[in-house]
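Q: With these hints in hand, go ahead and build the complete structure from the sequences.
For the protein sequence lines, the chains are X and S, in the order given. Heads up: the first sequence begins at 7 in my numbering, then just goes up one per residue. Heads up: the second sequence begins at 7 in my numbering, then just goes up one per residue.
There's no promise every hint is true.
It does not matter which identical chain is meant; a pair holds if it fits inside one copy or across any two.
As the list claims (entries may be wrong) - Calculated pairs, DSSO-like style, for lysine-lysine (alpha carbon to alpha carbon, straight line, at most 30 Å): (1) K55 with K76; (2) K79 with K55; (3) K131 with K55.
I should point out that these hints are in silico values taken from the structure, not numbers from a laboratory. Keep in mind the model is a prediction, meaning the values are calculated, not measured.
2 protein chains.
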Amino acid sequence: MKKKFLCCCPSLIPSRETACFYLLCVLIALYMLAGAAIFSSLERPAEVKAHQLWERRLRDFSHEHNINCKDLKSLLFHYEEARTAGIRAERGRALWDFPGAFYFVGTVVSTIGFGVTAPITGTGKVLLVFYGLLGCSATILFFNLFLERVITLLSLMIFWCHRRRTGNSGLLGRAIEDNGNEEWKPSVYQVTLILFVAVLLVACGAASLYSAMEGWTYAESLYFCFVAFSTVGFGDFVSGQRENHEDTWAYQVANCLLMLLGVCCTYSLFNTISVIIKQGLNWMLRTLAWMFGG
Amino acid sequence: MKKKFLCCCPSLIPSRETACFYLLCVLIALYMLAGAAIFSSLERPAEVKAHQLWERRLRDFSHEHNINCKDLKSLLFHYEEARTAGIRAERGRALWDFPGAFYFVGTVVSTIGFGVTAPITGTGKVLLVFYGLLGCSATILFFNLFLERVITLLSLMIFWCHRRRTGNSGLLGRAIEDNGNEEWKPSVYQVTLILFVAVLLVACGAASLYSAMEGWTYAESLYFCFVAFSTVGFGDFVSGQRENHEDTWAYQVANCLLMLLGVCCTYSLFNTISVIIKQGLNWMLRTLAWMFGG
Ligand SMILES: [K+]
Ligand SMILES: [K+]
Numbered sequence: 007m008k009k010k011f012l013c014c015c016p017s018l019i020p021s022r023e024t025a026c027f028y029l030l031c032v033l034i035a036l037y038m039l040a041g042a043a044i045f046s047s048l049e050r051p052a053e054v055k056a057h058q059l060w061e062r063r064l065r066d067f068s069h070e071h072n073i074n075c076k077d078l079k080s081l082l083f084h085y086e087e088a089r090t091a092g093i094r095a096e097r098g099r100a101l102w103d104f105p106g107a108f109y110f111v112g113t114v115v116s117t118i119g120f121g122v123t124a125p126i127t128g129t130g131k132v133l134l135v136f137y138g139l140l141g142c143s144a145t146i147l148f149f150n151l152f153l154e155r156v157i158t159l160l161s162l163m164i165f166w167c168h169r170r171r172t173g174n175s176g177l178l179g180r181a182i183e184d185n186g187n188e189e190w191k192p193s194v195y196q197v198t199l200i201l202f203v204a205v206l207l208v209a210c211g212a213a214s215l216y217s218a219m220e221g222w223t224y225a226e227s228l229y230f231c232f233v234a235f236s237t238v239g240f241g242d243f244v245s246g247q248r249e250n251h252e253d254t255w256a257y258q259v260a261n262c263l264l265m266l267l268g269v270c271c272t273y274s275l276f277n278t279i280s281v282i283i284k285q286g287l288n289w290m291l292r293t294l295a296w297m298f299g300g
Numbered sequence: 007m008k009k010k011f012l013c014c015c016p017s018l019i020p021s022r023e024t025a026c027f028y029l030l031c032v033l034i035a036l037y038m039l040a041g042a043a044i045f046s047s048l049e050r051p052a053e054v055k056a057h058q059l060w061e062r063r064l065r066d067f068s069h070e071h072n073i074n075c076k077d078l079k080s081l082l083f084h085y086e087e088a089r090t091a092g093i094r095a096e097r098g099r100a101l102w103d104f105p106g107a108f109y110f111v112g113t114v115v116s117t118i119g120f121g122v123t124a125p126i127t128g129t130g131k132v133l134l135v136f137y138g139l140l141g142c143s144a145t146i147l148f149f150n151l152f153l154e155r156v157i158t159l160l161s162l163m164i165f166w167c168h169r170r171r172t173g174n175s176g177l178l179g180r181a182i183e184d185n186g187n188e189e190w191k192p193s194v195y196q197v198t199l200i201l202f203v204a205v206l207l208v209a210c211g212a213a214s215l216y217s218a219m220e221g222w223t224y225a226e227s228l229y230f231c232f233v234a235f236s237t238v239g240f241g242d243f244v245s246g247q248r249e250n251h252e253d254t255w256a257y258q259v260a261n262c263l264l265m266l267l268g269v270c271c272t273y274s275l276f277n278t279i280s281v282i283i284k285q286g287l288n289w290m291l292r293t294l295a296w297m298f299g300g
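A: Set out below in structure tokens:
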């Protein structure tokens with residue numbers, strides 16, 4: 007059974023596409039350099055301050071209880087080891103019971119990877135590689151199918167609004183619908199705006215829930231939402247890890263569903279923004295070509 | 007300037023596509039439940055053991071140095087606070103110097119998000135949301151353009167091999183090439199296999215480097231490579247964080263380039279596997295339709 011590859015793969019790429027790719031590489035590199043400079047200048051002083059505070063606290067504790075600093079450090083090494091297995095100073099929920107493992111598996115296939123739970127056994131690590139390979143691929147397909155569906159839905163919505171506004175109803179409208187919307191397409195800006203509002207609404211809703219249940223401020227909850235929805239998943243804030251959350255099934259389910267909805271919407275948003283970026287790149291290339299008389 | 011949306015958005019989706027989507031949802035849910043059960047049974051005993059070990063160590067330390075357990079816990083709370091700012095018991099490199107911030111920014115735009123470094127200042131957190139929004143979108147575009155290029159390149163490679171093997175050279179070959187490879191398309195299985203071998207080679211190469219530089223075993227390095235390349239990024243292993251790495255520019259650059267190459271190849275691999283999964287779903291739907299006489 008030799009199936010042909012479904013993707014279109016033209017052998018002669020238009021050189022504009024390739025130029026677009028190289029321009030994007032350069033711009034991303036510059037964007038990263040600029041970002042590094044800004045974040046470095048923002049966060050470095052806080053890091054130095056945190057270092058000093060911690061060193062002082064460690065010294066004070068060592069003096070107060072008359073313990074060798076080396077002994078304390080060895081305790082902290084052990085703590086680090088325990089942390090890898092998911093143990094925290096603040097007593098949290100069990101991580102590898104079934105709901106915990108389900109949450110973990112969700113962070114794997116969505117590639118969020120908070121890292122509060124990560125396999126510590128050798129078998130678990132080996133299994134993770136194979137499990138993730140299939141799971142992440144399936145999720146990419148899921149996201150892409152979701153994206154298609156969202157774009158279709160939004161196109162229809164915008165089309166209906168457009169028709170109602172222009173009063174262009176009846177035969178023409180139906181004809182366009184029957185033709186598979188070929189003649190009328192919504193602007194990418196409209197779709198992006200709607201998706202942006204959708205992400206914002208989901209994030210605001212989720213943040214209200216998290217700020218009530220996790221003891222975070224509303225701003226922290228919004229930050230968590232962005233970090234989770236974009237699948238970056240630093241793990242500095244992780245929802246549903248407190249001891250009392252073990253018994254609140256409703257919250258755990260709501261948490262998973264909100265996360266799913268948020269990740270799907272954000273993935274779609276990123277994709278529509280990437281279309282806008284591509285248009286911008288093409289515009290820049292045209293301008294460059296015009297400037298240098300290409 | 008009202009640009010039309012570039013994506014194709016048919017208003018009448020074939021119901022097979024929608025069925026495919028729902029089937030995928032069900033299968034992913036089952037896959038996650040199965041995964042949760044397996045990982046829970048694998049990791050739960052290790053978690054309990056790690057808990058006991060840590061409780062014993064804490065108790066022993068408290069007895070040995072005659073300190074109240076509550077005092078020790080308060081130290082650990084402070085340590086947790088310091089950890090959020092990137093401070094570790096084992097002295098590591100500065101996190102927010104320029105190369106560190108660049109590494110951080112890389113983990114944001116690629117959505118790896120190891121979380122060793124995460125912004126702790128309020129301004130940093132707010133900035134991250136906007137920075138990530140644009141950065142992640144640009145990277146998605148980058149990955150998609152890379153994917154197109156890789157598929158084209160592999161298609162040409164396979165085509166040349168195919169032509170050489172069948173001796174079908176000269177005019178026909180050139181004609182197919184000029185027609186933009188429309189008539190001849192490589193099998194998705196061939197492309198997937200090549201990408202799989204490519205990811206494996208990059209991972210093995212990177213793992214040799216990491217096991218030499220990070221003090222991890224080769225197996226741990228391979229596990230790290232998978233976790234990083236798939237952009238899951240748990241943060242249980244993070245490359246380039248040791249104190250001596252601050253001075254090894256060559257290693258830091260190699261680390262970034264390997265990560266970039268690995269992530270790009272793995273993204274392409276996931277996408278080709280997702281095409282195979284879609285074929286599998288369609289086959290399942292046909293079988294189901296046949297079984298129930300649809
Ligand atoms: K992560
Ligand atoms: K991630």
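Q: Hints first: check each against the structure and report whether it holds.
A: Hints, one by one, checked against the model:
1. K55 with K76: both (22 Å within a copy, 26 Å between copies)
2. K79 with K55: both (20 Å within a copy, 22 Å between copies)
3. K131 with K55: between (36 Å within a copy, 18 Å between copies)
Every hint, counting from the list given before, is met by this structure.
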